[in-house]
Every structure is written in structure tokens, then in C-alpha cells.
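**Student:** Sequence:
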Amino acid sequence: MTIGFTVEQLRAAAIDAVRAPSLHNTQPWRFRLRDGAIELSVDPLRRLPATDPNGWGARIACGAALFNLRLALAVAGTPATVRLRPYPAEPDVVARLVPDLPRRPTPTEQSLYAAIDRRFSNRAPFWPDPVPADARWRLGEAARAEQCWLELLIGNSAVNALAEIARSAHRVLERDPAYVAERAEWIRSEPAPDGVPATAGGPQSEPQDLLPQRGFGGRNRAPGRDFEPEPLVAVLGSAGNTAMDQIIAGQALQRVLLTATDAGLSVSMISQPIEVPGAREALRLSLGRFGTPQMVMRIGYGQPGRPTPRRSVDEVLDLPVVPA
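Take the sequence shown: its position 145, counted from the start at 1, is 145 in full-length UniProt numbering, and no numbers get skipped.
In case anyone wonders, no lab produced these hints; they're calculated from the structure.
Mixed in with the good hints there might be a few duds.
Stated by the list, open to error - What follows is a set of in silico ranges between Cβ atoms, one per label pair, in the way DEER data are often shown:
| hint | residue 1 | residue 2 | range |
| --- | --- | --- | --- |
| 1 | R11 | P191 | 18 to 26 Å |
| 2 | A145 | G264 | 13 to 21 Å |
| 3 | A76 | R175 | 42 to 50 Å |
| 4 | R306 | R144 | 29 to 37 Å |
| 5 | T199 | R118 | 12 to 20 Å |
Built from N, CA and C at the ideal position, the CB exists for glycine as well.
I would like the entire structure built from these sequences, with the hints used as guidance.
**Tutor:** Next up, the structure:
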């Protein structure tokens, strides 16, 4: 068994970890070595006080980065044993990873790892082609593999009920000037290593849209390019809603997203029903599921796109100082 991870292993794995999604593409994570273990922490300087006052979004994002970190290490032949929230006195430390017995990566790990660089949030309308049953089954299995559940909403009544909850939550958020101003701070009209490029924001919302779109300054859509009238909508949920549950849900979210990418599917995330407590409870009751909804997703076949930029890995590493 390897005694500990090296700086080179940390750097290589972090390059993949930072490809995880985050609210407004804030990238709220930091990585370091401590006694031969890799530690992943929430970056307190990249919190969103208006959008994410309780830190749910930052923990979901760090959970997603953790899943990428696990994949990268496994594919390199140096898998890790993970301990979540290892230090009660340091709640920002999300996970501690120590070397496990070396082994060959599984075919599933290799396929999901290959999808990391191709995954992106597709906020544009999808094609009308239905998602086949085997792909739906794979998405559900991905959530279950990470101790979460995935509810696929079938039928107009279920989707319309979710849409009404989502639109109501969206209206609540849009009435908050601090929320609107904070979102505007993260819209990028020029090339930048973080935030959401206006070109990736998707088309502007229209009154006929079933699901709400967050206003990232997207362009007006061409005539006839409405969003799909019967989208496949999925709700990811966890057993509870503690900080630990949210980190677990972030890992499950990334596994679902990479599974979708591997299957040739596009996904956009709809977090407004999760950000408003009353809407989240209404969603939980409408699903009739045990546990807590952690993310809503729109899934389908979309037009090609590209991932949003990421900061240099050197900006997110806390490396030990070498004496001169």
C-alpha cells in the first residue's frame, strides 16, 4: 500500500476535480495534502451569501468535485479510501482521501472518467427524441451507487406539478434584489476563468416556457426554437439534508451527470426549487419519497456545446511551503 499521496498525484487529480459543476460556476473548492492524504475543502471566499446562504450549493459542488477526484485517482491505479467531514472542528473540510490498495480501474470508472472533459450544462432547448429506457435505468443506477435516489417524472401531470413549483420558486428568488445582483456579478461578457459566459446562458426566457431559466444574459432565441414541450425531468434526492447528506448528493449528482454524458445525453440543472425551502418541501411532498430533494435536472438530446472555463489548478491548491 502506498504510504501517502504525492504533490504530483494531488495536482493531476485536482485538474479533473475542478471540472465539476457549481452554482454560477464559482468553483468553491480547495485541495491540499495533509500527512500524505488529499483533503478537499469549501473555499469560504467563494460562497454566495444571497444565493446560497446555508452553504448547500457549495457542499453539492464540492461533493461533485470529490467524485471526480475519486475517479481520477482510481483510473491512475491509486484509488482512495474517503472519509467525509473528518474534523468536527473544521467543518469546511469536506473529505479526506488516503491511499487504498492499488488496483486496475473498472470499465465503468474508465468510461465515467472519459466523460469528465465532455460534460457541460446545456441550457439550450433539446431535441424531441425520447430518452430510451436503458439510459433511464443507467441514470437511476448511478444515483443508487452513491446512496441516493433519482425520481424520473413520467407524464404531463407530474411534470406540470414540478414546473409550477419551480416557477413559483423562481419568482420568489427574482424578487430578492441581493440575489439578482449576486447573479449579475458572475455573468461574464469577456473571457474569464470562472462565472457563466453569457454565450453559455441559454436563450432568454419566454412566457410559454414550461421550466424557469436563470437569467445569465442569454441571447434571444430564433423563431420556432422553443424548449421541448415534454422534457424528461429528474429529481435527485438523498436520505436526509445534513451537511454530510449534501456532500453525498453532490457525488451522486456528478455520477449521474457523467453517466448521462457517457450515454450521449445533455443535462441542465434547475436548482430554484431546492434553493427556496417552501418549494423544496412542496416538491418532497409531491414526490411522496422518503428523504430530501437535492437537485432537479432536465435531460435529453441537445446540440453540441462546450464546458465553461475553469481556473488554473494552481489557484486551488494549498501546497506545503518548501524551506529555502
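**Student:** Would you mind marking each hint as holding or not holding in the structure?
**Tutor:** So, going through the hints one by one against the coordinates:
no.: 1; hint: R11 <-> P191: 18 to 26 Å; verdict: holds (24 Å)
no.: 2; hint: A145 <-> G264: 13 to 21 Å; verdict: holds (20 Å)
no.: 3; hint: A76 <-> R175: 42 to 50 Å; verdict: holds (48 Å)
no.: 4; hint: R306 <-> R144: 29 to 37 Å; verdict: holds (30 Å)
no.: 5; hint: T199 <-> R118: 12 to 20 Å; verdict: holds (18 Å)
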